Structure formats: structure tokens, C-alpha cells
Amino acid sequence: MKTPSSKSLSAIRRLLVRHETVLLVVLIAEWVYFNSVGRHFGSLDNTYDILRHSVEIGLLALVMTPIILTGGIDLSVGSLLGLCAICFGKLWRDAGLSVPVAILCTLCIGTAAGSLNGALITRLRLPPLIVTLGTYSLFRGLAEAITHGVDTFTHFPSWFLFLGQERFAGVPAQAPIFFIAVIAIWLMVHRTVLGRSFRAIGFSPEGALYAGIPVRLRLMQVYALAGLFSAVAAIIYTARLGQAKADAGTGYELFAITAVVLGGTSIFGGSGSVHGTLLGIAAIGVLNNGLVHAQWPREMAGVVTGILLLLALTASTLPKMLTGLRSRRHTAATKPQTQSVT
Amino acid sequence: MRRYFREISVAAALILLLGVLAVLGPAFFQIHPLLSLLAREAPELVVTCGIAFVIVSRQIDISVGAQFGVCSVVAGVLAASGWPLFGVLVAAIGTGLVLGALNGLLVAGLRLPSIVVTLATMVIWREGLRWKRQGQFVNLPDGMQWLGQTQTRGQIVIIVAALILLGVLIWAMKYLAAGRFVYAVGSDAEAARLAGIRPQLTTFIVFAFAGVLTGLASMMNILQSPQVDPKSGSGLELKAIAAAVVGGVAISGGRGNLIGPFLGLLLLACIGPALTHLHIEAYWEKAIQGAIILLAVMAEGWRSRK
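Which chain is which? The protein sequence lines are E and R, in order. The first sequence begins at 0 in numbering that gives the first Met the number 0 and counts up one residue at a time. The second sequence begins at 0 in numbering that gives the first Met the number 0 and counts up one residue at a time.
No lab work stands behind these hints: they were computed from the structure. The reader is advised that the hints may include incorrect statements.
Covered by chain E, per the in silico footprint, the following chain R stretches (three or more residues, Cβ under 8 Å) [to be verified]:
#1 102-113
#2 123-136
#3 238-247
#4 282-288
#5 294-302
A few chain R residues facing chain E, derived, Cβ under 10 Å [claimed, not checked]:
#6 I59
#7 I61
#8 V116
#9 L118
#10 A119
#11 T120
#12 L146
#13 S186
#14 I250
All values derive from a computational prediction rather than experimental measurement. Beta carbons are placed, not taken as given, at the ideal position from N, Cα and C, and that holds for glycine.
Input sequences plus hints: build the corresponding full structure.
Spelled out as C-alpha cells, the structure:
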């Protein structure tokens, strides 16, 4: 019944309704619109500004991609960012460590905290949503307890602030770190056995286990990596604002998840891409910045992001729904007694 | 006994905490602070019931906090413009119904994953509210607080209303066909469909009902203060989900009741005041709440492995 032409047509259609393509169009539309409305929007300085402000959420979204690929989720990254920022400040100011040593310790703390998530999820076979909901409270609570809710850490050495506020070789100083992270995660997800195994786990954990994939180890690694990235994001956040406080990164987990889902990664796991996530981060970053330039209220960014997310989701499930309807009609014609299973 | 393992263990933890308080900080049991605590938690209880329904049907709703904010502001603005109390109540519930039904439409109608849908609607409502109000409080007319009664009487009315609602919902979930439908759909939607239940319709109604309860809860909340904070309800969704999970509602759907979440909520709510009375710094509240959530799920994990 299917002719070659209809097959190639459906291939084109598939490419068109691919998340990445739709999102790229949205991104370009955003860019063109804001460029025509805002006066300085298109300038290089502003592009760097968008980049600078996207790095922390970007790092979290990057590492959230493999997590969601495995069918998991991590709600605790924003809280962990806060906890790491506080630990860094505490280690530097009160424990008297030098900044590099404090950074190193913070990265270890972040990885350990991420491993705690991983251990609870893999050892006790608990749903990631619930485990990370618990650590979401726990990490933020610890940050508040350490600072008594009021203490903030400031007056970091200027060379450290350079990392967050100045330019390195013409680009924002945190950009190289971000690009290294992008390349590392992209290679891991798309070009290594690790990335394949994440997908396999997301598609079917049991099947992955029978295929010889060390499912628990892989999950452990991916949550530990999320902890490490949260710590890196915490350092950059602190350097950008010149201040570490307990509420750092509040709500970042939601923006990170939004960027990933907007980028076409299935929330049920098994399929998705890092470049999609990058487009998602860019779409959110451009929107946030562009609305200010277009002199729209800042809050519109959240509203538009939410609507975009819903549209992207609908667009991604529409082909599946149409085929579902078709097959239902088909089975209804052949077997009038039973309805098809969708 | 084994069937109610979770309820009994949460109740035991609560009794233990109250016992420690009775010895070390008997001031906790003064009637007025206790009434204030319960009245403050009454709206959260109502929201938690809605969330429990949603989780039992194997969905999740993280937009209830934002819905709560929208309902509160709508009710506040209408009350300030002179609507009678009953009209305001209907408007708050109606707003909740519309917001919940929208979630339900997206989840059940378009079959989108509920966590992403409610994530999106949460951001939309919350940011939309911030845009409309710019953080401005709504001043309520005189005589609205505590329904124009004394504080104690108002608190008692709110607490009793919440408890009656809880009782009705516990009964409905156990003995009404509609309540059993929620369990059926949550444990196996396909089996439920073959048994003649319409899973998508059930899911839609569950979301709409959670919205109704949220609207009602927002009304219970604004009766307690002279102003409406447009930020009210922030983080409420996570508190409610935590209470439900601590109370033994399985996130994988189909299992749980409302007694557990009720006890879970009481336990989580008592931590903050308990810390004050035990002379521990209050900043530990959130960390301890997180630890309790983890403990509860760990207990569940260990039990299911045996």
C-alpha cells in the first residue's frame, strides 16, 4: 500500500516535525523579532550577555539530558547548587582554605551529594522523582541551616570574580568551561557506549539489564555527574554574582527540565539529544533577554516559555496520536467488537 | 496490621514527636498556638487530598501551588470589589475548577505527560500572576477575616471544615464507585478500560477535582489574614506531594489512602514549631523535613525488597 513517494514524504514530514527543527525555527523567529524590536539586541555584547546568563542553567540542563534519557529526573540540582555555593563560601571564608582548594572540595561535595541520590535510587530501587524531591528539601535545608538563613559570603578575590564577570580571549570567561561541558556531554551521549546504555535503560531497564548493561552503575554515574555539574554551576554562579547565599539556584531545576523537554527529549526516557537541549537553553536564554530589550514585562518570559513547552509537547505527540487514530479506525473496521489499544 | 504499616509507623513517629515535646517543651500544647498551627495547615490538608487523588491515578500535579496563588488573588480581588462571601467562594472554586480542568484536558485529552504539563502550567500561572500583580498584596475588606468572628472561632470553623471534608473524601475514596475508579485507573489503565471504566475521563475528572479542592483551600487560607499575598502557595505542591508520599501514597499509582497523607502532613507541620520549643535553631526545619521524606521512601524501599 505504501508507495516510495509516500515513504519519502513521510520522511520529510518526520524531519519537519522533529523537535530540533521546530525549535530551531522558533529560535530564529525569536531572534528576528527581538532584533527588529530591541535596539541593542543583536549586538555581540548582548549575545555574550545571553551566554553569560545561560551558563548555570545550561550546565544543569546539559547534565539533566542523560538523566531524563534514562527515564529518571533530578529535582535536586537547584538546591544542590545552593548547598554547594554555601559550602564553597564556608570553606573559603571560615575554614580558611585557598580558593582553588575550596573549589576542589566543593566539587567533591557536589559529586558526593549526587551519589547520594544515585545510591538511594539504585540500591533501594526508589523512584527518582521521590528521592530527588526529598533531597530537594534536604539540600536546600542544609544550606539554610549552615547559613542560619541569613549569612552570605562576599568579598571573594578579584581573580575569582574574573571567572564570572570578565572576558577571557574576548568571550565571557565562563564560556570556555561551558563549551567543554557541552562537547563532553555531547560526545558521551551521542558517541559512546555510555550514551547508548542511557537510552537502553530509558527504553527498558529490564531489557538493558538482560543485554548486559550494568544498569545500577550507569544510573549511579549519571546522578553523580549531575552532582558534579551542580557544583560547577554553583562556583560559576558565585563568581558571576560575587556572592554565595542559601537561596542560590532556586527554581533552576525547573528551567533545566524545561530546556531539556523543549529540546525534544522524551520525559519517559529512551530518546532525545544534547543538541536539542542546547537549542532549548538558547530559546529560553534569548527569550529572557529579548523580552527585556523589547521592553516587555520580564515575567512574560516565564509565561511564553511555559506555552512554548506545551506547544512543543503537543507537536511531538501529534504524529503519534494521528497514527494511533488511524490504527484505531483500522481495527474498528476489521474487528468491530474491540477497540484498539493505544 | 501489615496493610496499615505505613499509617501506623507515621502515627508512631508523630506520637513520639509529641511525646518528646510533652516532656521537653510542654509549651507546645498551649491551645492558641496549636489552633493557629492547625488552621494554617487546614488549607494544605485540602490541597494534599487533591494531590493524593492525582497520585493514586498515577499522575502528578505540580501546578497546585500556582493554582492556589491564582485562586487566592481572584478571590481577593473579587472580595475587595464588594462581592458577597458566598460569591467569592464560588468564584475561587470555579477558578480552581477551570485551572484543574485545563491540566486534565492536556493530560487526558492530548495524552501529554502530566509532570511536564503541570510544570508548564505552573510556570505560566505563577509568572502570569507576578506580571499582573507585580508583587502587590490585595487588601481584603473588613469582616472577611475569620468570617467576621473572633480568631478562635474562625480557626475552629476552618479546622472543622477541613476535617469534615477529609472524612467525606476518605469515605468516598473507599466506598464510592468513583473513588474506586481512581484506584483502578492508577493501578492499570488498560485493565480499567477493559472493565468498562473510561480512564481518560477519570483522569480528567481527577485533575479538575484537584483544582476544585485547591480553590476551596485558597479560600480557607485567605479567610485567615487581612491581605492576599500573590506569592501565596509557593512550594505548596512539593509540601503536598511530600505529605502524600510520607503517608504511603505510592508514586507508581493505585495505592494509598487519605489517612496516611493526613498524618504525614501533621508530622511535617509539627517539625517547625517543635524545633522552636525544643530550642533547636528553626533553620533546620527544611533539612529535617527532607530527611523525613527520604526516611519514609527508604522504609518503603526496604519493605518492598523483602
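How the hints compare with the structure:
1. 102-113: holds (count 5)
2. 123-136: holds (count 6)
3. 238-247: holds (count 3)
4. 282-288: holds (count 7)
5. 294-302: Result for this restraint: holds, n = 5.
6. I59: Cβ of R:I59 sits 7 Å from chain E, so the hint holds.
7. I61: 9 Å, holds
8. V116: 7 Å, holds
9. L118: 6 Å, holds
10. A119: 4 Å, holds
11. T120: Check passed: Cβ of R:T120 comes within 7 Å of chain E, closer than 10 Å.
12. L146: 33 Å, violated
13. S186: Because about 16 Å separates R:S186 from the closest Cβ in chain E, which is outside the 10 Å limit, the hint is violated.
14. I250: 5 Å, holds
In the structure shown, a violation is registered for the earlier hints numbered 12 and 13, in ascending order.
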